[in-house]
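Chains as they are written, first to last, in our numbering: chain A, 14 to 314; chain B, 1199 to 1456.
Honestly, I wouldn't trust all of these hints.
Label pairs and their computed distance ranges (CB to CB) [stated by the list, open to error]:
#1 A:Glu-294 with B:Thr-1203: 51 to 61 Å
#2 B:Ser-1340 with A:Gly-17: 32 to 42 Å
#3 A:Met-127 with B:Pro-1348: 18 to 28 Å
No lab work stands behind these hints: they were computed from the structure. Positions of the beta carbon are idealized from the N, C-alpha and C atoms, including for glycine.
Listed below are the residues making up each chain.
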Amino acid sequence: MLFGAASTGKRVFTTSSSPGISLMQEAISYMAGAQLPVVIVNIMRGGPGLGGILPAQSDYFQSTKGGGHGDYRLLVLAPSSIQEAVDLMMLSFHLADKYRNPVMMIGDGMIGQMMEPVEFPDKYEEPELPPKTWAATGAKGRPAHIIKSLFLDPIALDKNSWILHEKYERMKKEEIRFELYNHSPKNEIMLIAYGTMARICQTAIDALKQEGISIGLFRPITLFPFPEKQIYKEATKENIRELLVVEMSTAQMFEDVERAVYGKKKVNFFGRTGGIVPPPEEVMEHVKMLLNKKSKDKKKA
Amino acid sequence: MEQDTKTIFSRPEALRDTVTHYCPGCTHGITHRIVAEVLDSLGVREKTLGVAPVGCSVFIYNYIDTDFLEAPHGRAPALATGFKRLRPDMVVFTYQGDGDLASIGMAEIIHAANRGEKITVIFINNAIYGMTGGQMAPTTISGQVTTTCPFGRDIAQTGYPIRMVELLSALGTPMYLERVTVNSPQQIIKTKRAIKKAFQYQLEGRCFSLVEVLSTCPTNWGLIPLEATKWLEDNMIPNYPLGCFKTPDDAESNHGTV
Ligand SMILES: Cc1ncc(C[n+]2csc(CCOP(=O)(O)OP(=O)(O)O)c2C)c(N)n1
Ligand code: SF4
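Construct all of the structure, not just a fragment, from the sequences and the given hints.
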């Protein structure tokens, strides 16, 4: 349905939660191949299979590494508050049109069901976009537009794949978004988390501060393109000794962080699944464990 | 005195002794019991495989004491086909709601029926998506209020309610199709007879069988159980006529003319 609706050139979106998004993977692959701008929201629940219905972040791989078949990427955004979801939603439609590519926003049951006051801008000033000269509007006085992903000629398919690839490379240059929280040369540990989990980490950081412990948070807002270089830059600062990735999954984004820091720093992981949203106290406990371990190491040395 | 005491009613062996998760007045429980009684009366509990749907009755495996598979949403007939083809000696049934069978699973049910899979389908039509909080289903009747059609189902926008047994009866393949309900003891007895027949056709290796059970969802209809039964009588039965729509005998006798 979304494929057809997007082909009109109008702005369109759909939403679902994990198993429904799995079913959409076929169409998502086709829409990426046909370069259709659409926005898809996945409010993630626990899996695999029917799993559960409570908040989770276990579709990170599915969203950022494909999910459907073929050589494509989605532009993936992860808000950590309702206000940010509102702001990123406007951006999502813009980015979908700018790149003619599906944009996926991922949240979880907390983001999906929480109520918070939000502000909508009085006026949304959108940078200008090229006209949608590709849309199917009736071939009156122009050659027919065929919105498709089939290229039987290997040379043509190769060309299309590299056109897509070029877009993804451009996204990596122009669209990376992230936020640093409580960054200071005193910090020995850097947390990395996104969405709801990042927000919980912020509470943990504030509470640790009260106890005289300072640590920082790196919060990716775009999961694809992933802020690899930016993570590398922060992680390799001299004061940072170890990283702690916190997710509501069994270490999915963790793999991208490990890749980003290139073995330069130790990357630790803490996560819960199944709809368990770890409270700030659990995050604090893990941070303290790391700090204790390190002070022991120091003594030994 | 002792020889005067006689057990005349007890829990069927195929029904587990446990607490129910179904809402008060929900008829899923009645139909579960009927299925269990039929499995017992045919003596097939130990060679039966059930396929659970997605929906309130996904937990059917907590109640009916046979082996079970838990299917993805709507795919129960596909799983049942795969299983039955490799184990034709076993009795295979699916138990599916209307959101599961008539919406997301429409393709699976039509093709399983048309291939004449020797499976039994118990189809629970309560005119709504129960588990997810009362959204419109393909079976929601015209004007019925649900969370996704708060002004009542508008057939100009969303089409007519789908009558599954009528739809399937248009297929040429011989099959058994009956629509029943569980609003009264008399209807419950008829339902049991239909469900037993559906399993017998499978045991005889004769045909695909599907029994549609008009059911209540008091919670999402927003009615107390008694009112829900009344609503079923006043609104569902006129839209979904009861009765047998097809047996393998009429289909076979028609075979040359189809
Ligand atoms: C692919 C997929 N889409 C959606 C869901 C969410 N879901 C769970 S139960 C359900 C509705 C089932 O309704 P119905 O078959 O009418 O059964 P009832 O709950 O009324 O017994 C839906 C849509 C899911 N689990 N998987
Ligand atoms: S929601 Fe409806 S179908 Fe589900 S158990 Fe309750 S009454 Fe039954």
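For each hint, the structure was consulted:
1. A:Glu-294 with B:Thr-1203: 51 to 61 Å: Between Glu-294 of chain A and Thr-1203 of chain B, where Cβ atoms are some 60 Å apart, the hint holds.
2. B:Ser-1340 with A:Gly-17: 32 to 42 Å: violated (26 Å)
3. A:Met-127 with B:Pro-1348: 18 to 28 Å: With a Cβ separation near 23 Å, Met-127 of chain A and Pro-1348 of chain B satisfy 18 to 28 Å, so the hint holds.
In summary, the structure is inconsistent with hint 2 from the numbered list given earlier, while agreeing with all the others.
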